[in-house]
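Engineer: Below, each chain spelled out in residue letters.
Number of protein chains: 2
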Amino acid sequence: MQLSSEQLAALPRRYRAQLINCLPGFKPAVLVGTADKEGNSNLAIVNSVFHLGAAPPLLGMILRPDPEGTERHTLENILATKSYTLNAVPASHVTAAHQTSARYPRDTSEFTACGFTEAALEQSHAPGVSESPLQIACALQEHQELAINGTHLLIGEVVCLSLADGAVREDGSIDLAALNLAAVTGLDSYHNVAPGQRFAYAKPDQDPHLLD
Amino acid sequence: MQLSSEQLAALPRRYRAQLINCLPGFKPAVLVGTADKEGNSNLAIVNSVFHLGAAPPLLGMILRPDPEGTERHTLENILATKSYTLNAVPASHVTAAHQTSARYPRDTSEFTACGFTEAALEQSHAPGVSESPLQIACALQEHQELAINGTHLLIGEVVCLSLADGAVREDGSIDLAALNLAAVTGLDSYHNVAPGQRFAYAKPDQDPHLLD
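Chains as they are written, first to last, in my numbering: chain A, 37 to 248; chain B, 37 to 248.
Copies of the same chain look alike in the list, so a pair counts if it fits in one copy or across any two.
Mimicking SDA-like on lysine to any residue, the simulated pairs with C-alpha atoms at most 20 angstroms apart in a straight line are:
1) K118 x S145
2) K73 x T148
3) K118 x E74
4) K118 x R108
5) K118 x A175
6) K118 x S41
7) K118 x Q159
These are computed hints drawn from the structure, not numbers from a lab.
Extracted from the complex, chain A is given alone in its bound form (with noise of 0.2 angstroms):
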């Protein structure tokens, strides 16, 4: 089938939202931790996270606050304190890390009253999450608000990196699904991941082959 932008228009709000989350495909299931300036901590969960670049290491992710939404706080805290860390969740996680979407007050810390632990990091204001296996602490080097939607546009530098331990191989990457991380599609659906299978760098007059 397909759908115009008229009639994408004329879907109601919710159907339309479910839909158009789900477009992106894949995403990556992240914890946001944060702490204002008190050290009063925060997590909420976020699946835009991205790839910048590599030489500095920047990531890119979208917040998408409104007046009461969790993202507000944590929002917040990063612009305070120009720090944060994203934190891959394991698929033994995805309910408690949910849960982290709630509108809990101000004053309660999802990591408190979602069950999971604060893990200090270097460089980091900001409180990576213990039971993650992949924790990423950033600096705060741009913000935007998306003139085009009010969203904005966080972009960090990887000053820390605390990894489990083998989870590196020998040329740099990471094994994500030896770590039983979980993917996201939508707002709401959790997914496990098998292991993937990798290929060499393409080349226009070869035929593609596996790495071994």
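With the hints as your guide, set chain B onto chain A.
Structural biologist: Just chain B, lined up with the frame of chain A:
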């Protein structure tokens, strides 16, 4: 193990590129279809498509062109025509999809070279990919070269959506795992994804629970 920013900066270039590209976690495998003004088509795999908003339906994408890279032709076509398509890659086609990342000459279409078929989408100058069960035509709304590292942020509005029949659930969500789409990690790994668990909208005073 923990790595500091100094340790990250000291890593060999390729090792660091492999490592940092893995940090976002699972990413969508997406083929970007474009055509120049004369209709010569181009196809390139990317894994940095993300959701920006549902009303209007907006998707973001990062392109990291280098002077000889395959993403250069894609960027040039998008800027010239304001039109591009995002096509989810089925797991059955990851070998051919990865091969589009080879540096083919400008006058070679990766559709032909890699065995994909152009599909016509309403309101779209750019061709879709027939082999994809989820084809999205976008009209460019915003383009920024990010000062921080010269990557390009492209924001597109969805103007046409072509989906396999039966792919959309009653509430508007798409069962992407049932479409047998691939997830990507790092620069070169392609994964199958298991059926998902769906959680109800989370509330502070309620235990998390699964949707039926």
